[in-house]
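There are 2 protein chains.
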Amino acid sequence: MIKIGIVGYGNLGRGAEAAIRHHADMELVAIFTRRDPKTVINLDKSVQVWHVDKARDFVGEIDVMILCGGSANDLPEQGPYFSRFFNTVDSFDNHSKIPEYYNAVHASAMASRKTSAISIGWDPGLFSMNRLLAESILPQGKSYTFWGKGVSQGHSDAIRRIKGVKKAVQYTIPVQESLKKVRDGEMPDLTTREKHRRECFVVVEEGADKEKISHEIKTMPAYFKDYETKVTFISEEEFMRDHTGMPHGGFVIHSGRTGAAAAHNQVIEFSLQLESNPEFTSSILVAYARAVYRLNREGQIGAKTVFDIPLAYLSSRTPEDLRRELL
Amino acid sequence: MIKIGIVGYGNLGRGAEAAIRHHADMELVAIFTRRDPKTVINLDKSVQVWHVDKARDFVGEIDVMILCGGSANDLPEQGPYFSRFFNTVDSFDNHSKIPEYYNAVHASAMASRKTSAISIGWDPGLFSMNRLLAESILPQGKSYTFWGKGVSQGHSDAIRRIKGVKKAVQYTIPVQESLKKVRDGEMPDLTTREKHRRECFVVVEEGADKEKISHEIKTMPAYFKDYETKVTFISEEEFMRDHTGMPHGGFVIHSGRTGAAAAHNQVIEFSLQLESNPEFTSSILVAYARAVYRLNREGQIGAKTVFDIPLAYLSSRTPEDLRRELL
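If you read the protein sequences in the order shown, they are chains P and V.
Everything in the first sequence is counted per the working numbering, starting at 1 for the first residue and increasing by one.
Everything in the second sequence is counted per the working numbering, starting at 1001 for the first residue and increasing by one.
Since the hints were derived computationally from the structure, they do not count as laboratory data.
Mixed in with the good hints, there may be bad ones.
[As the list claims (entries may be wrong)] With a cut-off of at most 25 Å between alpha-carbon atoms, the simulated SDA-like pairs for lysine to any residue come out as follows:
(1) Lys-1142(V) / Gly-185(P)
(2) Lys-45(P) / Arg-1257(V)
(3) Lys-1180(V) / Gly-185(P)
(4) Lys-181(P) / His-1022(V)
(5) Lys-180(P) / Glu-1275(V)
(6) Lys-142(P) / Arg-1257(V)
(7) Lys-3(P) / Pro-1139(V)
(8) Lys-1181(V) / Gln-176(P)
(9) Lys-1181(V) / Met-246(P)
(10) Lys-97(P) / Asp-1321(V)
(11) Lys-1180(V) / Met-246(P)
(12) Lys-1181(V) / Leu-179(P)
(13) Lys-142(P) / Lys-1142(V)
[Unchecked claim] Just the calculated beta-carbon pair ranges, DEER-fashion:
(14) Gln-48(P) / Glu-1228(V): 52 to 62 Å
(15) Arg-1324(V) / Pro-221(P): 20 to 30 Å
(16) Lys-1230(V) / Glu-211(P): 13 to 23 Å
[Stated by the list, open to error] Incomplete in silico selection of chain V near chain P, CB under 7 Å:
(17) Tyr-1102
(18) Pro-1139
(19) Gln-1140
(20) Asn-1265
(21) Gln-1266
(22) Ile-1268
(23) Glu-1269
(24) Phe-1270
(25) Ser-1271
(26) Glu-1275
(27) Ile-1284
(28) Phe-1307
(29) Pro-1310
For clarity, every value in this text was computed on a predicted model and none was experimentally measured.
In this text, a Cβ means the ideal position worked out from N, Cα and C, and glycines have one as well.
Model the full assembly from the supplied sequences, consistent with the hints where possible.
And the structure:
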């Protein structure tokens, strides 16, 4: 049995707890939280909940810590810290800071002879794998990543900061005509506006100026200005009924040409359609916990990304079984 | 520079020669054929063409041999033979014989301390990777593989063996309604007939009995009997104009449920839309030639499949660059 710990019990942590139940070779030993452990209500009452400061006491009892904190504030500190004591998996997704984060976790894991899979999830993660794979196979081609339809927390937060807004959700939606052009192998140059559009559902305080709010959203720099943005005002009941989920997804599409005369178009597409973004991400983290455990037992230490880990390590099946059943 | 040799100069070999030109770190040293080398007209006249019996003389001059022969007759012999002298990549695609083939190539490559990537292509290959990945992430789900729209050589050959048939091509086509059910997360149990249909375009000899031929096709056991099969008779001109390409493709779709109450459906989809099946397959072989070269330099010897090789090995970029640009 692979003994797992979860650090952080928000949406990701809850998803990880549920996901572990589907893996017969894994056992959840404990959940660690910054809150008062008594206030945490988790799925399985037989699983211990501890304050995060107690985690160090579990050295030797936990094989892999799944770090379920956020990339902005939690992981930059937790990643290097926990890899001093445990094998770890995390979903660090601040693309521009990955090199720096990798270096910090790598140094820490090398010193402790642990293995740490960083930036695991779907983007970075499964989408990155498909970008690398497609580019390596068809180097004379072009890759496109589209996100959505899905909820962007950052954009939803930005709307909620506007005066008079009570509740808001923003969906990022890929522009269908552009998707079609890419799939048809046209290799278009696409502007920001041509790739995604933004759809906002907003609940306002009584007496708020809807026109003013709508204008403020649509002209907001960085978030909405460069996009076709649609704002719909709805009642609080509608909001609670239709817009509290966390769907997401997206597409990585690569098209390239092959043959002596480059006459043939080839299209590789990977897509996700997710009803729960955090539950899916945590399912990926759990599969990579198995990989990290095995890599460490083989002495493959340090920080690893999805580019470094052979797929066979993710599966509970034997190599013989994989070749016979899945190849 | 990675020095490459190609064994076998049919559709795959020609595709490999064209693909190598797009990789700045690779050089095609020689092509080996069972035909009289003088009769082989390849793309680049500066590349030597030799009889396959001469290949052994190139030990030390070629880093990786790309084996472009067929799985029925060529590879069972060539795989174990060439891995005695060279690192190799091949597209062995006889699914039921993969374990046996793996063992033969592995024994040979271990003895010579070479590295051999077997069963590289898109199925087995990219499709297998997606089956493993999806099943590992969502073990409580179900995977489906659909092929097409694409030409099946085996089925086309079967039609051509019927008396009175001059030319024929058969397209395997996924059933759209079933694709939709799978994408919607219904996890249906699908019969053979519900997964694919077959479309045949046939040119007959003068005076042939079309009705009889059509009946013979539609009732042919194993090939057509269990499918919805459509037969269209066309002129030889139409055939030459519209049906001499080698398109193919397909879909690997996995849907699974996550969360404490298994309330959320998650769909992972990988698809290919190929205008030239052999050119795409050979493009994959070429990318894996780079991986095999590197693995061997690191002492990772023996037979490998797509499950064993980290994606980073496929790319000419450095690990730092991959993390910064593609992760």
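Comparing the hints with the structure gives:
1. For a cut-off of 25 Å, the pair hint linking Lys-1142(V) to Gly-185(P) is broken: about 30 Å separates their Cα positions.
2. Restraint check for Lys-45(P) and Arg-1257(V): satisfied, since their Cα atoms lie roughly 23 Å apart, inside the 25 Å limit.
3. Between Lys-1180(V) and Gly-185(P), the direct Cα distance comes to roughly 23 Å. Compliance with the 25 Å bound is thereby established for this hinted pair.
4. A distance of roughly 24 Å separates the Cα atoms of Lys-181(P) and His-1022(V); the hinted pair therefore holds under the 25 Å criterion.
5. Between the alpha carbons of Lys-180(P) and Glu-1275(V) the distance comes to roughly 17 Å, so the proposed pair stays at or under 25 Å and holds.
6. Between Lys-142(P) and Arg-1257(V) the alpha-carbon distance is near 33 Å, which puts this suggested pair outside the 25 Å criterion.
7. The straight-line distance between the Cα atoms of Lys-3(P) and Pro-1139(V) is roughly 18 Å, inside the 25 Å bound, and the hint therefore holds.
8. About 21 Å separates the Cα atoms of Lys-1181(V) and Gln-176(P), which keeps this hinted pair within 25 Å; it holds.
9. Restraint check for Lys-1181(V) and Met-246(P): satisfied, since their Cα atoms lie roughly 22 Å apart, inside the 25 Å limit.
10. Among the hinted pairs, Lys-97(P) with Asp-1321(V) is consistent with the structure: their alpha-carbon atoms are about 13 Å apart, no more than 25 Å.
11. For the hint pairing Lys-1180(V) with Met-246(P), the CA-to-CA distance comes to about 23 Å; that is within 25 Å, so the pair holds.
12. At roughly 22 Å between alpha-carbon atoms, Lys-1181(V) and Leu-179(P) fall within 25 Å of each other, so this suggested pair holds.
13. Simply put, Lys-142(P) and Lys-1142(V) have alpha-carbon atoms about 31 Å apart, too far for the 25 Å limit, and the pair is violated.
14. Checking the proposed 52 to 62 Å range against Gln-48(P) and Glu-1228(V) shows it holds: the Cβ atoms sit about 57 Å from each other.
15. The given range of 20 to 30 Å is respected by Arg-1324(V) and Pro-221(P), whose C-beta atoms sit roughly 26 Å from each other.
16. At roughly 58 Å, the beta-carbon separation of Lys-1230(V) and Glu-211(P) lies outside the given 13 to 23 Å, and the hint is violated.
17. Because the smallest distance between the Cβ of Tyr-1102(V) and any Cβ of chain P comes to about 6 Å, under 7 Å, the interface hint for this residue holds.
18. Contact between Pro-1139(V) and chain P, as hinted, is supported at the beta carbon level, the nearest pair being about 5 Å apart and thus within 7 Å.
19. Annotation: Gln-1140(V) was flagged as interfacial toward chain P, and the flag holds, the nearest CB pair being 5 Å apart, inside 7 Å.
20. With 7 Å as the threshold, the beta carbon of Asn-1265(V) comes within range of chain P, its nearest partner Cβ sitting at about 5 Å, so the hint holds.
21. Taking 7 Å as the C-beta contact cut-off toward chain P, the hint placing Gln-1266(V) at the interface holds, the least distance being around 5 Å.
22. Using the Cβ-Cβ criterion of 7 Å, the hint placing Ile-1268(V) at the interface with chain P is satisfied: the shortest such distance is roughly 6 Å.
23. Taken as an interface hint, Glu-1269(V) checks out: its beta carbon lies about 5 Å from the nearest beta carbon of chain P, inside 7 Å.
24. Annotation: Phe-1270(V) was flagged as interfacial toward chain P, and the flag holds, the nearest CB pair being 5 Å apart, inside 7 Å.
25. The closest approach between the C-beta of Ser-1271(V) and any C-beta of chain P is roughly 5 Å, which is under the 7 Å cut-off, so the hint is satisfied.
26. This hint holds: Glu-1275(V) has a C-beta 4 Å from the nearest C-beta of chain P, less than the 7 Å allowed.
27. Hint on Ile-1284(V) holds. Least Cβ distance to chain P is approximately 5 Å, under the 7 Å limit.
28. Given the 7 Å rule on beta carbons, the hint for Phe-1307(V) holds: about 4 Å separates it from the nearest Cβ of chain P.
29. Annotation: Pro-1310(V) was flagged as interfacial toward chain P, and the flag holds, the nearest CB pair being 5 Å apart, inside 7 Å.
Of the numbered hints given earlier, the model fails hints 1, 6, 13, 16; all others are met.
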